[in-house]
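Peer 1: Order-wise, the sequence lines are chains A and R. The first sequence runs 5 to 359 under the numbering used here. The second sequence runs -12 to 486 under the numbering used here.
Hints in this document: simulated from the structure, not taken from any laboratory. All residues carry an ideal CB built from backbone N, CA and C; glycine is no exception. Among the hints, a few may not be true.
Said to hold, decoys possible - Chain R side only, calculated, beta carbon under 8 Å to chain A, not exhaustive:
| no. | residue |
| --- | --- |
| 1 | 156 |
| 2 | 163 |
| 3 | 185 |
| 4 | 216 |
| 5 | 220 |
| 6 | 283 |
| 7 | 316 |
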Amino acid sequence: MRRDLISIDDSARLVEQVRRALAEHTPLRIRGGDSKAFLGRPVMGQEIDTRSHRGIVSYDASELVITARAGTPLAELNAILDAAGQMLPCEPPAFGRDATVGGAVASGLSGPRRPWSGSVRDFILGCRIITGDAKHLRFGGQVMKNVAGYDVSRLMGGSFGCLGLVTEVSLKVLPKPRDARSLTITIDESDAMRELSAWRRAALPISGACHIDGKLHVRLEGGAGSVRAALERIGGEDLDMGFWESLRDHRLAFFDDARPLWRLSLPNHTPLMALPGDVLIDWGGAQRWLKSDAAAETLRQIASAAGGHATCFSRETGIEPFHPIAATLMRFHRQLKARLDPHGIFNPGRMYADF
Amino acid sequence: MTYAYDERLDGSLHAHEKSAIVTALQALLPDMQLLHATEDLRPFECDGLSAYRVTPMLVALPDTIEQVQALLKFASAHGVPVVARGAGTGLSGGALPLEKGILLVMARFNRILEIDAEASTARVQPGVRNLAISQSAAPHGLYYAPDPSSQIACSIGGNVAENAGGVHCLKYGLTVHNILAVEIVTIDGERLTLGSEALDFPGFDLLALFTGSEGMLGVVVEVTVKLLTKPQSAKVLLASFDDIEKAGDSVAQIIGAGVIPAGLEMMDNLAIRAAEAFVHAGYPVDAKALLLCEIDGAESDVEEDCQRVDALLRTAGATDVRLAQNEAERQRFWAGRKNAFPAVGRISPDYYCMDGTIPRRELSRVLKGISDLSAQYGLRVANVFHAGDGNMHPLILFDANAPGEMDRAEAIGARILELCVAVGGSISGEHGVGREKINQMCVQFNSDELTFFHEVKASFDPDGLLNPGKNVPTLHRCAEFGSMHVHHGALPFPELERF
Chain A
5 MRRDLISIDD
15 SARLVEQVRR
25 ALAEHTPLRI
35 RGGDSKAFLG
45 RPVMGQEIDT
55 RSHRGIVSYD
65 ASELVITARA
75 GTPLAELNAI
85 LDAAGQMLPC
95 EPPAFGRDAT
105 VGGAVASGLS
115 GPRRPWSGSV
125 RDFILGCRII
135 TGDAKHLRFG
145 GQVMKNVAGY
155 DVSRLMGGSF
165 GCLGLVTEVS
175 LKVLPKPRDA
185 RSLTITIDES
195 DAMRELSAWR
205 RAALPISGAC
215 HIDGKLHVRL
225 EGGAGSVRAA
235 LERIGGEDLD
245 MGFWESLRDH
255 RLAFFDDARP
265 LWRLSLPNHT
275 PLMALPGDVL
285 IDWGGAQRWL
295 KSDAAAETLR
305 QIASAAGGHA
315 TCFSRETGIE
325 PFHPIAATLM
335 RFHRQLKARL
345 DPHGIFNPGR
355 MYADF
Chain R
-12 MTYAYDERLD
-2 GSLHAHEKSA
8 IVTALQALLP
18 DMQLLHATED
28 LRPFECDGLS
38 AYRVTPMLVA
48 LPDTIEQVQA
58 LLKFASAHGV
68 PVVARGAGTG
78 LSGGALPLEK
88 GILLVMARFN
98 RILEIDAEAS
108 TARVQPGVRN
118 LAISQSAAPH
128 GLYYAPDPSS
138 QIACSIGGNV
148 AENAGGVHCL
158 KYGLTVHNIL
168 AVEIVTIDGE
178 RLTLGSEALD
188 FPGFDLLALF
198 TGSEGMLGVV
208 VEVTVKLLTK
218 PQSAKVLLAS
228 FDDIEKAGDS
238 VAQIIGAGVI
248 PAGLEMMDNL
258 AIRAAEAFVH
268 AGYPVDAKAL
278 LLCEIDGAES
288 DVEEDCQRVD
298 ALLRTAGATD
308 VRLAQNEAER
318 QRFWAGRKNA
328 FPAVGRISPD
338 YYCMDGTIPR
348 RELSRVLKGI
358 SDLSAQYGLR
368 VANVFHAGDG
378 NMHPLILFDA
388 NAPGEMDRAE
398 AIGARILELC
408 VAVGGSISGE
418 HGVGREKINQ
428 MCVQFNSDEL
438 TFFHEVKASF
448 DPDGLLNPGK
458 NVPTLHRCAE
468 FGSMHVHHGA
478 LPFPELERF
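Extracted from the complex, chain R is given alone in its bound form (with noise of 0.2 Å):
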C-alpha cells in the first residue's frame, strides 16, 4: 500500500506555517528541546518498520510531564497533529510520523522511579527499557514478565501502547495483566491516572482500554507495573519433528494434559536452518518442524511436567526430544528462536515479519494457506510461531531491489493476514495495527464496528489530533480497499466459512 498519510482517505489535517509553529512552541517551551532542521529531522523518520518513512515537521523531546501537558494542550488549540513515540522499535509503524505533524519523543523519560519489592511493583517513566526494569528488580529476586523480542531496546510506554507480548504470554499475560496503573496526559492537556496500586478500581476499566490503544487516546507519562517473583526453576525441551502438522497437534495434547508452558515456540524448517547457521543452537536441520518446550515454577513441579512433557512429544511423533541439560544448554536452545528474525536476516536481503494470530487448531490449515500463497508470489517464508497462544510470525523473504518484490512482499503479507481472519483469528497478535495493516482492519472489523471505534477515539479525542491515520481506518479508507479488492477477485478465501 501507499503508506503515507492520505488526505483523501484518512482525513483532512490542518496546514500550518512551520516557521511559525517552530516561533510559538520556542517561546511556550523555551526550555523544551525542539528539533526543526531537516537533518535532525531525519534519525526520527521510521519506527522498526523501515520501509515506512516519513520526515515529521518537528520533533519535540520534552524531559517533564509539565512540557508534555503544554504542549499537547498548544496542540489541541491550533489543530496540530502530534504521533507519540517512545524507543521507536515497533514493527507496525504505530510511531510513523506526519509531515504536517509534532513528533512527540518520549525517550528522556528514562527513569525508574520506585522499586518497590514489598509491594512486588516499580514505578517507572515511558521511556524507561523494558529489559531495564527486570534488572533492577533482579536483586530483589523479581522480574517484569512480558519479554518482547526487542526487549533491551523497547520501552514500557511502547508496550503499554501496543499491549506488547513476548514469549511467555500464554502463562503471563500481556501487558495488560502485568500493569497496575498509568498516568496518561490527554490531548487537552489534562493529566490522568488510569488503574490503582489496588487490585481494581471504580468506574470503567479505562485501563484495559487504554493498553494497546496505540498513541490514539492520550500519551503514557508513567506506568506502575507488576513485578513477579522468579521462579525456582526453569527447563527447556527441544523436540523435533518430520511433519509439521505432527508438531501442531503435539501442542494441543500438551495443553490437553494440563500443562501450562512457560513458553512453547515452534519453527519450520527455513527458519531452523536459518537460525543454526546464524546461531549454532544445535537445532536439528533436516526437521521439519521444531518445538521448544519451557517449564518452569517450582522445581519438583518442573521435574513432573518436564517428564510428562516427553512422553507426550514422543508418543505425538516427535523423532527427538532434548532436554537442555544446563543452563548454557537452556540458554542455546533460546538463542535460536530469539535470534531467529536476525538469523532470517542474514538469508534474505529484506524480509517482513508478520503477526496474525489463529486459533491453534486451524494450524496446520494456515501453514498451508502460506505455502500455497508463497509458491503462488514467488517469495520464500520462514515460519516461527508462538505455538502456546497461536500468535504466528511468517517472516516474508524478498530483495527490496528486485523489481516488483517489495510490492509482492505486502500482497502476500495482507493475504496471510486476511487468511489469519478468515480462519477466527486476528491481523495483530501483538505487534498492532499502526499503519502497516490499517487497511486489513477493514477485513477484521465492519463498518458499524469501525464506527464504535471512532466513537471510542472520540471520548477522548473529538478532533482526531492523536497519531491520526494509525490503528482504526476510516469508513472512506475501507470503501476505497473494498473496492479495489473486489478487482483482485471477490472475498480472499471464497472455500472457508466466516465466523
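So that you can see chain A by itself, here it is in the shape it has in the complex (with noise of 0.2 Å):
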C-alpha cells in the first residue's frame, strides 16, 4: 500500500510565533499530538502547535539514520522503518494515534525494549530546535560519532519542551531482528526476578520482561539459532506479540483502574519490595507501575530508599508530577534554564514550580 506522505516544513511560522511571544511576554505550551499532555503540569500558556511542521527529511537505510520533523506522527515514522525493516530499538509509547517525533523526544519515555536496547536519548544523534531568543538552531548532525561542542541535543530528551521547541531530529535506527518469539510462563514473582537474573549472566537474548498477575511475559529477539535456545532454556507458552504494545501504550487491563497511575524507576537488581497497591513489573525488575492511592510523599520514599525516583502518571490528582530534586541540582537546572530560555517563554511550570 502506497502511503501520502506529508512533508511540510512550517518552520519559519513556529520561529515567527515564538519571536511575537517574546515581543509580547505571552508564555508558549508547545503541543505535538498532545498524546502525553497529562504528564507533567499544566502549562498556562498559547498553545504553539508543532504539527504542521512534519515529514521525513531523510531516511538513508544503510546509514542508520532517520531525520524527521517534529511533528511527524510517530506512527509514520514507524512504518517507515518497518518497511525497510528497521526500527526505533527505544520504541517511545504512543498513547494513542497521535503522537508525534516531536513528544517522544520532548518526553523521553520509552517502550520495554529500553533496558536492553537504550532509551529514547540514547538514539538521538542531533536537532533542530527554536531557542529561548527565537533562533532556529542545528546541534549534533546525522553521524553516529560527533563531540564537537555540547551534547545539546541528548540534553533535549526528556526536557519537555522546558529548554527550546525541538523542530527537528535525527535517530539512530537499528534492522529489526531476524527472529523474534513471546512467551508466558506462570511463576511467581520472586522466581521470576531470580530467573531473570541468572538468564541475563547466561546472555539469552531476552528485549522484554514483564510480570504481572502471577505470569512472566518474556520477548526473545535475535537470530534464529540464539531465539530457538532460549526457548528452550526458558519454556512456557507462545504469547502474541501484541501484548508488548499494549504494555507499552498503557492498554492493558491493570493500567484501567481509577486510582492514581505511579512509575518507579529503580535499579535493575532491586528486591521485591511490599508496595501499597497494585504492581506490574516491567523492564526486568527496572520500571515498576503501581496503582496505589497511597501518599505521594510515602510513594516517592520508597524509590528514593531503593535508590530510584518515583513520577505519577495521573493528571488530576494534584500530585507533583515528577520526583523531586535536591537542592544543589535544583540550582543547576534553574541556571540552565535561566540561561537558555531567558524570558521563560517555553512551556513555564511542566517540570517543576521553579521553571
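Take the two lone chains and join them into the complex the hints point to.
Peer 2: Okay, structure coming up:
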C-alpha cells in the first residue's frame, strides 16, 4: 500500500510565533499530538502546535539514521522504518494515534525494550531547536559519533520542551531482529526475578520482561539459533507479540483502574518490595507500575530509599508529577533554564514549579 | 595555528603572583601535594597531543574529594583558571595547561570502589584506567564496552570528559551510553550527582550534557559505569579489496543486510603496509583496502552472520576473505589495526592523527578529497577508518624538523576536517575539540550556535574558569579565523553543497 506522506517545512511560522511570544511576553505551551499532555504539570500559555511542521527530511537505511520534523506522526516514522526492515529500538510509547516524533523526544519515554536497547536519548544524534531568543539552530548531526561542542541534542531528550522547541531530530535506527518470539510462564514474582537474573548472566537474547498476575511475559529477539535455544531453556507458552505494544501504550487491563498510576524507576537489581497497591513489573524489574491511593510522599520515600524515583502519571490528582530534585541540583536546573530560555516562554512549570 | 592561549582572542585571564597562590594553597590544603618548581612541572606540560606544550603555573595532586572542592572554591574566589587532567592521553590538547592556571591532576583517584556483579555496574574513581575496569569485572564474566585505543592508559574520568569511543561503538555505543551516573564538583565547590543507579532520573539529562563537555562544566570525582556480559563468541573476517570504493560499498551492504558488526574497520594501502611491517598480522600488502569485520554474540548467531557477511563481501568484489581460524589469529588480525598508529609512526618521523566523522556514503568522495589535498600539500596521508560508524582517522605523515612541514601538516589537517563538515559530518568523532580543533568549531557552528554553547557553559561556570580556551571558541576568535580563511580563498570546497 502506498502512503501519501505529507512533508511540509513550517519552521518559519514556528519561529515567527516564538518571536511574537517574546515580543508580547507570552508564555507558550508546546504541543504535538497532545498524547502525553497528561504527563507533567499544567502549562498556562498560548498554544504552539508543531503538527504542521512534519515529514521525513532524510532516511538512508544503510546509514542507520532517520531525520524527521517534530510534527511527523510517530506511527508514520515507525511505518517507514518497518518497510525498510528497521526500527527505533527504544520503542517510545504513543498513548494513542496522535503521538508525534517531537513529543516522543521531548517526553523521553521508552518502551519495554529499554533496558536492553537503550533509551530515546541514547538514539538521538542531532536536532534543530528554536531557542529562547527565537533563533533556529542545529546541534549534533546525522553521524553516529560527534563530540564537537556540548551534547545539546541529548539534553533535549526528556526536557519536556522547557529548554527550547525541538523542530527536527535525527535518530539512530537499527535493523529489526531476524527472529522474535514471546512467551509466558506461570511463576511468582520472586522466582521470576531470580530467573531473570540468571538469564541475564547467561546473555539470553531477552528484549522484554514483564511480570503481572502471577505470570512472567518474556520477549526474545536475535538470530534464529539464539532465540530457539532461549525458548528451549525458558519453556512456557506462546504469547502474542501484540502484548508488548499493549504494555507500552498502557492498554492492558492493569492500567484500567481509577486509582492514580505511578511509575517507579529503580536500579535493575532492586529486590521485590512491598508496595501499597497493585504492581506491574516491567523492564526486568527496573520499571514498576503501581496503581495506588497511597500518599505521594510515601511512594517517593520508597523509591528514593531504593536508589530510584517515582513519577505520577495521573494528572487530575493535584500530585506533583515529577520526583523532587535535591536543592543544589535544582539550582543548576534553574540556571540552565535561565540561560537557555531567559524569558521563560517555553512550557513554564511543565516539569517543576521552579521553572 | 598558534596553540598557546591568546588573551586577545580567547578572553583575558587574571594575572596572579604565583608565590602568593602557592603560599595560600599550602596554608589552605597542607596535605595536598602541590608542584610549583619548573622542573617538577615539565612532565605535565602536554597531554597526548605532544606538539602542544605549555608549562602550568602549578600542579595540584589532590587525593580526596574534599581537597578538590576546597581547591575549586579557592580558584573561584580568586579567579584562577583550572584545567583538569586525567591520564593525559587525550589527542586534542584538552588537558593542555595554562601559564596562568592550576593543572588539577586527578591521577591519584585510582581506586575501583565497587564491582556489583548482580547489578552489572562498577563504581570507580575517575583516575582508574579504562582497561582496569574490564579486568576487574572479568572474573564475573562482565566487561566495560567502550575501548578507546589508549585503553591501557587512559582514565575513565577523561573518557567521560571526552565521551570516548573505540572500535565497538556502532554496536555498543560511546561513553555516554555506558555510564549510569557521575559525581562532579563544580567551580564553586558544590558536589553534584548527575544520573542515577536506575535507568533514568528526574529533571534534565545533565548526565548527557556533562559527558563530552571537556572539563568545561565541572570536575569528575566518581563514575558509575554499566558492565555488559561478555559475548559467548566473537569471530573476525578479513577482506581484501583492489579498490577502496568497493570496500566502502561493502560496508553499506553489510549494514543494509541487517548485520550490526561489533567492529568494522577499514585501512588503506599505506596503513596496511605500515601495520604489516610492524606486527606481521598477515595483511595483504598489495590490497588497496582491507576491511576487518567482527561479529559477536551467541555462537549460532555469530556463525550465521559470518556466513552472510562472507557471501556479501565476495559479491561486493573482495579479492579475498579470510575468517580467523582461532583466537590467536583473531588477535593477530586486530593487532595490525590496533597498532596502526605506532606502525605509521615507524615509517615517518612524525604523524598527526585526525578524527573527523562523515556519513558513510560520502567515503569515496572524502578519500578522493584527502588524496587531492595530500598531493597539493606534498604530505602522505594514511587512512584508518572506523567504517561502521563513519569515524575517520587520517594520519598525516610529516617531519617536524623539516622547515614548514609541521605547519603544512596542521593546514592539511584543518582542510580535511572542513571537508568532513562540508559533507555533513563533524570535526571530531571521539578525540574531542580541545585546543586542537578550536578554530574548526567556527566552521561547524555558526555564531548563534556558539553563543548557545557559551550560555550552557555559563550556567555551570559563569566566570569561565574551567578549562578556558578549549572546546568552544569565542566569537572574536571565529571572526579572526574567518577573515584569515577568506584570505586563503573564499570558503573551503565551494563546489560542495552545504547542509
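Peer 1: Does each hint fit the structure? Answer for all of them.
Peer 2: Against the structure, the hints come out as follows:
1. 156: holds, 6 Å
2. 163: holds, 7 Å
3. 185: The hint holds - residue 185/R has a Cβ within 8 Å of chain A, the shortest such distance being about 4 Å.
4. 216: holds, 4 Å
5. 220: violated, 10 Å
6. 283: Nearest chain A Cβ about 10 Å off; hint violated.
7. 316: Check failed: Cβ of residue 316/R comes no nearer than 24 Å to chain A, outside 8 Å.
When the structure is compared with the earlier hints, violations turn up for hints 5, 6, 7 and for no others.
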